[in-house]
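Participant: All chains, please: the whole structure from these sequences, using the hints.
Protein chains in written order, with the UniProt record's numbering: chain A, 1 to 436; chain B, 1 to 491.
Keep in mind the hints are simulated off the structure, nothing from the lab.
Heads up, the beta-carbon is just placed ideally off N, CA and C, and yes, glycines get one too.
Hints are not guaranteed to be accurate.
Claimed, not checked - Residues from chain B that keep clear of chain A, each with C-beta distances beyond 10 Å, as calculated:
{"hint": "1", "residue": "Phe-132"}
{"hint": "2", "residue": "Ser-160"}
{"hint": "3", "residue": "Thr-307"}
{"hint": "4", "residue": "Val-391"}
{"hint": "5", "residue": "Glu-423"}
{"hint": "6", "residue": "Arg-434"}
Unchecked claim - If you anchor each label on the Cβ, the simulated ranges turn out as follows:
{"hint": "7", "chain 1": "B", "residue 1": "Ser-239", "chain 2": "A", "residue 2": "Ser-378", "range": "27 to 33 Å"}
{"hint": "8", "chain 1": "B", "residue 1": "Ser-152", "chain 2": "A", "residue 2": "Lys-391", "range": "46 to 52 Å"}
{"hint": "9", "chain 1": "B", "residue 1": "Glu-457", "chain 2": "A", "residue 2": "Val-414", "range": "43 to 49 Å"}
{"hint": "10", "chain 1": "B", "residue 1": "Glu-138", "chain 2": "A", "residue 2": "Leu-226", "range": "27 to 33 Å"}
{"hint": "11", "chain 1": "A", "residue 1": "Ser-194", "chain 2": "B", "residue 2": "Gly-464", "range": "28 to 34 Å"}
{"hint": "12", "chain 1": "B", "residue 1": "Glu-461", "chain 2": "A", "residue 2": "Glu-99", "range": "46 to 52 Å"}
{"hint": "13", "chain 1": "B", "residue 1": "Ala-472", "chain 2": "A", "residue 2": "Phe-189", "range": "38 to 44 Å"}
{"hint": "14", "chain 1": "A", "residue 1": "Glu-432", "chain 2": "B", "residue 2": "Lys-468", "range": "37 to 43 Å"}
{"hint": "15", "chain 1": "B", "residue 1": "Gly-315", "chain 2": "A", "residue 2": "Phe-189", "range": "40 to 46 Å"}
{"hint": "16", "chain 1": "A", "residue 1": "Lys-119", "chain 2": "B", "residue 2": "Gln-106", "range": "51 to 57 Å"}
To be verified - Cβ-to-Cβ under 8 Å is the rule here; a few derived chain A residues that face chain B:
{"hint": "17", "residue": "Thr-154"}
{"hint": "18", "residue": "Pro-155"}
{"hint": "19", "residue": "Thr-157"}
{"hint": "20", "residue": "Gln-159"}
{"hint": "21", "residue": "Gly-160"}
{"hint": "22", "residue": "Asp-190"}
{"hint": "23", "residue": "Gln-191"}
{"hint": "24", "residue": "Pro-327"}
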Amino acid sequence: MRPSTARYIPSHSPSSLLRANSHSPRPPRPSTPNHRRHVTNTIEPAPAGGHLPSVATSSLLRMTREAALRAPGLRWKDEPDALRDRDHEAGEGTDGARETRKMNVYQAVRDAMGIALLKDDSALVFGEDVAFGGVFRCTMNLAEEFGRDRVFNTPLTEQGIAGFGIGLAAMGHTAIAEIQFSDYIYPAFDQLVSEAAKMRYRTGGQYDAGGLTVRAPCMSVGHGGLYHSQSPEGFFLGAAGIKVVIPRSPLQAKGLLLAAIRDPNPVVFLEPKILYRSAIEQVPTSDYELPLSRAEVLLPGDSLTLLSYGTPLYHCETALSLLRSPPPSLAHLIPASLRSAQVELIDLRTILPWDIHTVIKSVEKTRRLVIVHEAGRSGGVGSEIAAEVQKRCFLRLEAPVKRVTGWDTPVPLVFEKFYIPDAVRILDGVLETLMY
Amino acid sequence: MRGDDFGTARLPSSANNGCTVLVHISRSLSPGSAGVRMLRRAPPLHRALRPLPALQHRRPSSSSSPSPTHKPHTPPSAAHGHLPGAPRSSLTPELHFFNSVLEGEQIPTYRVLDANGNVVPGAKVPEVGREFARRLYETMMLLPSVDTVLYSAQRHGSISFYMTTHGEEASVVGSAAALSPTDEVLGQYRELGVLLWRSYPLSLIMSQVFSNADDASTKGRQMPVHFGSPEHHFHTISSPLATQIPQAAGVAYALKRDPARRGDVAVCYFGEGAASEGDFHAGLGMASVLGGPSIFFCRNNGFAISTPASEQYAGDGIAARGPGYGVYTVRVDGNDAWAVYNAVKEARRLALENQKPVLVEAMTYRVGHHSTSDDSYAYRAKQEVEDWKRVDNPLFRLRKYLESQGWWSSDEEQALRTAQRKEVMDAFQKAEKRKKPRLGEMMRDVWAGEEPWMISEQREELRGLLGKYGEAWEPYRKELERFEGGGRDVI
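Facilitator: In structure tokens:
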């Protein structure tokens, strides 16, 4: 047991993160953002990776070409239709010629936008500071490659960026807008909720903003404080007409972003910023998509369903490792009878409209559900899912649906370790639900 | 704005009028003006100073500046005052604050016809023929015909809501007449006149306000007066104010990029109240920096519901903000159809030539109530409204002009009124009898593509409820009768 345990136990050092960065074509840079209103070159605080040492070695990441090409649901978009719709058989056929490349999330996002710009002359990428490559490097060299009329900076106005994108989309163009941090998406809330989401409906289908995709970095980063850490996905739950997508890894980011860009609905695409550099895997270099509104079962199990999306999936993985083989310091807190529990781990991926079928199917089998997200609990995504699950699985449930979430406070700076639903909180939620 | 030694540009006398004056103003403030040339002659103090990257960046955009006197930026010749935020600001030893572009004077209002329909000396009437002029007048007259019928229809409870254009006929129709029929229009809600000018059928106007099965604008989903028609290049109205302003910047950018749309502009209408929204600032900022042919047309009618313009802003109206964004701007007499027509025609030319926005502020007066939900005599004197209707009436003004040309007569006036009223009433009565849309339209068009489970499930839930209570619950039973198919497409 020890070797596999070592893989999951937090090292409390950033070394794993640095290892991950050494694969990057660029010299390592602190994973922290250039906080937008004060871009500095000063020494950054300790890497946020200290909270997430398992990402670099996560089994959720596909480290070989073969594994990447076998990603469930992957659809190549550069093949004739007959070859394309093979869904779960992506490893067959012409895949022998497919290439993959090791990428982190920001490189995968950049790769997706490059393909979108290449294949669609109407596609435009814009936002604050995207022309020089973006404060998270997601648009590196896109302006040089595709021209400043297609990849350009906007004035610093989120409502303007969203409104501008809606105008482009209403004219049938493909608008890929960036909000620098999802914490700053609220000035655009009116444009996204009142205009983009409702345009198709209120115009009787005559106009729509389906060509709009709004990308924004989300979730905590170790030291982002109130306004560089938020997870606003729950606020969009009532915005019928919009889609909200959150990827967990580079391969997911590229496939889901390309699907979002081409989806006939406006999409808010939230990228967990702590994963930009820390999550690295093999990513197919060609054009492919992953389906929206489809959850993915990452680990099969029949004892409990653990549902999350974005960054906390890695905490979930660590929690399951702690459950299976607890370190001596925790062993007395984890009943031996529970260590063999087979937990089913699900990545929700699309928040709106979410994949209720996969979730219900899983809970029908496991009879227990723990939902994990970084956003605060009240009014969060967990509330919505818990309500639907208790309605549909009332007689099957053997424990109350548990929500392990951020607290109902703003995301604090120095207290972040005690705010986020980290591995031990998830472990505790799993134990409580298993023992109920 | 003193300190000639430092070359600060002097503003021209305000004795001139209209849009040309404003072009002069912006040119005199441009780098090619005398003041800046003087600066360039000054010996360079810091030749060694390398231009900042930001300054170099500015070159391509400034070389495409419309000003014929403009020259590419040369390295700063003074040590200070040429920082990237305002690289062409001259230096002055005089501490001088200012709170308006014209230093205490208001921006003049461009006018062609006086209140009696006489051509103002020096003004140029547009070179349009008799038929065009008559059509303009007839369309302006059709607007109050529609308004009067629909306003009283709301009062009688036939429709739920209405907003008239009384008093703003010249602003709306006069501007529409200066546009190409394929220019993309994004309106606020008081721009029905644009659709009328573009021959949008009365039947569809009635269908929309009655929310009947023929409502192509919104399929019965939006409140009355929220019209839209891609065929007429009129983007569907939505209630949130000013949201269309940054959207217009995006539409303009799309037009700029589309070779098939070269020659078309984006036209964005909004009231002076909406201009207080953040989206006005966002939209003008986006449009001016990113470019694309656009006209931002402000209907300054003095009121935002009950709020007078004096409580809306403290500056010189909306026009004064245009130069702040580097946008060509003109203020025009909104009750003068020819002034509005001329201004928008020229605005359109400027927007296309420079691929940049132009701001037009049309000064007018909201004669009608804000909407059918508003009694404006609660906040303004009825006599004031009656006075404006009498002394500054846009319909009267154009009619007098047409008569002076021998293009119109009182007989024709009477015949027009009778014909228009009949046409409107016929369309009204047809639309009134028509059923509401199919009930299933309530849950369509929310998302495109595969229908999400919540929509499918909720339709089933409604189906169950209607199956159970559709007959037994009187409010449902009566309401279902009004829908095409009696709701059976859902039940």
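Participant: Work down the list of hints and note, for each, if the structure agrees.
Facilitator: For each hint, the structure was consulted:
Listed as a non-interface residue, Phe-132 (chain B) keeps its Cβ farther than 10 Å from every Cβ of chain A; the least gap is roughly 29 Å. Distance to chain A confirms Ser-160 (chain B) as a non-interface residue, since its nearest Cβ pair spans about 16 Å, more than 10 Å. For Thr-307 (chain B), the shortest C-beta to C-beta distance to chain A comes to about 20 Å, beyond the 10 Å cut-off, and the non-interface label holds. The beta carbon of Val-391 (chain B) sits about 39 Å from the closest Cβ of chain A, which is more than 10 Å, so the claim that it is off the interface holds.
Every Cβ of chain A is farther than 10 Å from the Cβ of Glu-423 (chain B); the closest lies at roughly 25 Å, confirming the non-interface assignment. Against chain A, the non-interface label of Arg-434 (chain B) holds: every CB pair exceeds 10 Å, the least being about 16 Å. Roughly 29 Å separates the CB atoms of Ser-239 (chain B) and Ser-378 (chain A), a value that falls within the hinted 27 to 33 Å. The hinted window of 46 to 52 Å between Ser-152 (chain B) and Lys-391 (chain A) holds, with their beta carbons roughly 49 Å apart.
Glu-457 (chain B) and Val-414 (chain A) have their C-beta atoms about 45 Å apart, which keeps the hinted 43 to 49 Å range intact. Between Glu-138 (chain B) and Leu-226 (chain A) the beta carbons are some 60 Å apart, a value that contradicts the proposed interval 27 to 33 Å. In this structure the hint that Ser-194 (chain A) and Gly-464 (chain B) lie 28 to 34 Å apart at CB holds, the actual value being about 31 Å. Against the hinted window of 46 to 52 Å, the Cβ-Cβ separation of Glu-461 (chain B) and Glu-99 (chain A) comes to about 49 Å, which satisfies the hint.
Taken as a hint, the range 38 to 44 Å holds for the pair Ala-472 (chain B) and Phe-189 (chain A), whose Cβ atoms sit roughly 42 Å apart. At about 41 Å, the beta-carbon gap between Glu-432 (chain A) and Lys-468 (chain B) stays in the expected band of 37 to 43 Å. For the pair Gly-315 (chain B) and Phe-189 (chain A), the beta carbons lie near 28 Å from each other, so the given range of 40 to 46 Å is not met. A beta carbon spacing of about 53 Å between Lys-119 (chain A) and Gln-106 (chain B) agrees with the range 51 to 57 Å that was offered as a hint.
The closest approach between the C-beta of Thr-154 (chain A) and any C-beta of chain B is roughly 6 Å, which is under the 8 Å cut-off, so the hint is satisfied. Annotation: interface hint on Pro-155 (chain A) holds; nearest CB of chain B at approximately 4 Å, less than 8 Å. At a threshold of 8 Å, the smallest CB-CB gap from Thr-157 (chain A) to chain B is about 4 Å, leaving the interface hint in force. This hint holds: Gln-159 (chain A) has a C-beta 5 Å from the nearest C-beta of chain B, less than the 8 Å allowed.
Given hint, Gly-160 (chain A) at the interface with chain B, holds; its Cβ is 3 Å from that chain's nearest Cβ, closer than 8 Å. The restraint placing Asp-190 (chain A) at the interface with chain B holds, with a minimum CB-CB distance near 6 Å, inside the 8 Å limit. Proximity of Gln-191 (chain A) to chain B holds as hinted, the smallest CB-CB distance being about 6 Å (cut-off 8 Å). With a cut of 8 Å, the hint placing Pro-327 (chain A) at the interface with chain B is violated, because the nearest CB-to-CB distance is about 42 Å.
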